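Undergrad: Read off the chains here:
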Amino acid sequence: DSGVTQTPKHLITATGQRVTLRCSPRSGDLSVYWYQQSLDQGLQFLIQYYNGEERAKGNILERFSAQQFPDLHSELNLSSLELGDSALYFCASSGGTPYNEQFFGPGTRLTVL
Amino acid sequence: AQSVTQLGSHVSVSEGALVLLRCNYSSSVPPYLFWYVQYPNQGLQLLLKYTSAATLVKGINGFEAEFKKSETSFHLTKPSAHMSDAAEYFCAVSEDSNYQLIWGAGTKLIIKP
Chain X
12 DSGVTQTPKH LITATGQRVT LRCSPRSGDL SVYWYQQSLD QGLQFLIQYY NGEERAKGNI
72 LERFSAQQFP DLHSELNLSS LELGDSALYF CASSGGTPYN EQFFGPGTRL TVL
Chain W
2 AQSVTQLGSH VSVSEGALVL LRCNYSSSVP PYLFWYVQYP NQGLQLLLKY TSAATLVKGI
62 NGFEAEFKKS ETSFHLTKPS AHMSDAAEYF CAVSEDSNYQ LIWGAGTKLI IKP
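Protein chains in written order, with the working numbering: chain X, 12 to 124; chain W, 2 to 114.
I should point out that these hints are in silico values taken from the structure, not numbers from a laboratory. It should be emphasised that the depicted structure is a prediction, and the values quoted were computed from it without experimental measurement. Ideal Cβ positions, reconstructed from N, Cα and C, are used throughout, including at glycine. Keep in mind that the hints are not guaranteed to be accurate.
What the hints assert, rightly or not - Just the calculated beta-carbon pair ranges, DEER-fashion:
hint	chain 1	residue 1	chain 2	residue 2	range
1	W	Q43	X	H84	28 to 36 Å
2	W	L21	X	D51	24 to 32 Å
3	W	T56	X	S49	30 to 38 Å
4	X	T31	W	L19	28 to 36 Å
5	W	S85	X	E73	17 to 25 Å
6	X	T122	W	S85	24 to 32 Å
What the hints assert, rightly or not - To be clear about the criterion: a stretch of chain W counts as covered by chain X if any three or more of its residues have a C-beta under 8 Å from a C-beta of chain X, and this derived list gives those stretches:
hint	segment
7	42-49
8	104-110
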């Protein structure tokens, strides 16, 4: 158990819909990362937050947004969903420095029908 | 820009044989290097990390990796493969100036009985 929790575990929705994925980091970790993992694109970094502020942005679509709240939990919002958004979405947390390892949650499997 | 190359999307070894998973990185400064493992339907888990101390790093489950600056490599090895090692392995790099982890494409390790 990494100490990172993600809800829900599975999500099935239709194209055009909007969903919210939630992540609670390990106790004491200030940094949260979101990743998308699909069969054709592998593991893609989406976005990082550190203590409530956006720190780094990766291959995140404009239809996707995230935020980190004062209690440090984070939410990833995916809107106008397309079939291609079906993937595993992982959250990870760390101490926030480049040499800190990231601890991954179990992931949310999103299926868009 | 940083990049990570993992040679071989699939590596197959017999049970009891040596495991060698290759990772090469490009970095203009001394990097921090990580190996993660992902078992089926699970999140990623840290195997080991290099943070500029000893060049030979020992990790969990009998894995180790050697940092070779001249070859810009950080290959993962295990003397004797077990069936339970079947998983996907990811190499990643970060730098002081960059808070992201740059990920390799992953290598699926297949263990033959």
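Undergrad: Taking the hints in turn, state whether each one holds.
TA: Structure-based check of each hint:
The given range of 28 to 36 Å is broken by W:Q43 and X:H84, whose C-beta atoms sit roughly 21 Å from each other. Between W:L21 and X:D51, the C-beta spacing of about 27 Å keeps the proposed range 24 to 32 Å intact. At roughly 35 Å, the beta carbons of W:T56 and X:S49 sit within the given window of 30 to 38 Å. One distance hint, 28 to 36 Å for the beta-carbon pair X:T31 and W:L19, is violated here, with the actual separation near 46 Å.
About 42 Å separates the C-beta atoms of W:S85 and X:E73, a value inconsistent with the hinted range of 17 to 25 Å. Checked against the hint of 24 to 32 Å, the pair X:T122 and W:S85 passes, with Cβ atoms roughly 29 Å apart. Taking a C-beta to C-beta cut-off of 8 Å, the segment 42-49 of chain W contributes 5 residues in contact with chain X, enough for the three needed, and the coverage statement holds. Note: the segment 104-110 of chain W has 3 residues with beta-carbon separation from chain X under 8 Å; the three-residue rule is met and the coverage holds.
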